[in-house]
Amino acid sequence: MPSSVDSTTADNATAVTGQAATAAPEPGAFQAEWDAWHARHEEQRAAPHGFLAVTGLHFLDDAPQRIPGIPGLWNAVEDTVTITLSAVERLSWDGRELNPDGTGSTTVLGPIAERDAVLLDHGRVQIEVARRGGFLVVRPRDPGYSLRAGYPGTPAYPASEEFAVTAQVEYFEQPQAVTVGAVVEGIEHVYESPARLRFTLGGQEHVLTAFNGYAPGTLNVLFTDLTSGDTTYPANRSLVVTPAEDGTAVLDFNRTVNLPCAYTDFATCPLPPAGNRLPVAVEAGEKLPVERATAETPQAAGTSEKEAAA
1 MPSSVDSTTA DNATAVTGQA ATAAPEPGAF QAEWDAWHAR HEEQRAAPHG FLAVTGLHFL
61 DDAPQRIPGI PGLWNAVEDT VTITLSAVER LSWDGRELNP DGTGSTTVLG PIAERDAVLL
121 DHGRVQIEVA RRGGFLVVRP RDPGYSLRAG YPGTPAYPAS EEFAVTAQVE YFEQPQAVTV
181 GAVVEGIEHV YESPARLRFT LGGQEHVLTA FNGYAPGTLN VLFTDLTSGD TTYPANRSLV
241 VTPAEDGTAV LDFNRTVNLP CAYTDFATCP LPPAGNRLPV AVEAGEKLPV ERATAETPQA
301 AGTSEKEAAA
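The sequence shown finishes on residue 310 if you use UniProt numbering, and the numbering steps up by one all the way, no holes.
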């Protein structure tokens, strides 16, 4: 099963059944539950080696290249990556030194499948070697990077039960392959869609294409709406949904989150499917990050023109 396009956790409210009556929620309980969920999500986002720690996006090809801030010569052939270390250079992989004798070494990583990654370590820096949209890329992650160190948190709309709606899950006879663009020009992503979600919001019926989620049994929805490019990030918004056994799912748009590309130009996030543009203002969930609203994300030294366009 293809992984989700979203790195968020699939936290969802759990329905309590089998009771004769359900007590009315306390005033403010919906907001309090959302506050607790969002605090957990923010903690995950600001993790030491999370996406806020990414210092660059480097595309590999068959020509060996050096990457600023990390050791070795790097090149890619088909679905493998070769790292050549000199006698004085050090890297480790799963706790194993790649140049244990100090005489230099050559290491081949792979094959690396689409949306998979290998993680290496260089001191406090974690190095992600990944395949995205058919390209092999390297992204160093430094806990001390300025974007993470100065992260102020993400603003969001007040939680509102108006934006928690029930959808009918319409499963396809066979999962469909859906190709979408990316925030990086020239990259395309292909995801598996098992179903569509049909629901009513703002007095109108809407249908959204859903992809498989990270967690088993979940779906991920990428969309934009009339707030996109105004109070929310223009390229995409992301929502994790858990279908129920009765063929319905709660779309709690209050739990709509930003993908990494909302914060950094070093992400290759997918764009929503063409039909996932909602003609209503979904004034719920996370808003445009402070970094995007006030200034451009800082670029790491040594990035190429292609990298800067991410």
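Careful: at least some of the hints might be erroneous.
Unchecked claim - Pairwise CB distance ranges (calculated): (1) Thr231 with Val77: 58 to 66 Å; (2) Asp230 with Pro68: 32 to 40 Å; (3) Pro152 with Ala36: 16 to 24 Å.
Note that these hints are calculated values from the structure, not bench results. All C-beta atoms, glycine included, are put in the ideal place defined by N, C-alpha and C.
Hint by hint, here is what the structure shows:
{"no.": "1", "hint": "Thr231 with Val77: 58 to 66 Å", "result": "violated, 45 Å"}
{"no.": "2", "hint": "Asp230 with Pro68: 32 to 40 Å", "result": "holds, 36 Å"}
{"no.": "3", "hint": "Pro152 with Ala36: 16 to 24 Å", "result": "holds, 20 Å"}
Violated hints amount to a single one, hint 1; each of the other numbered hints is respected by the structure.
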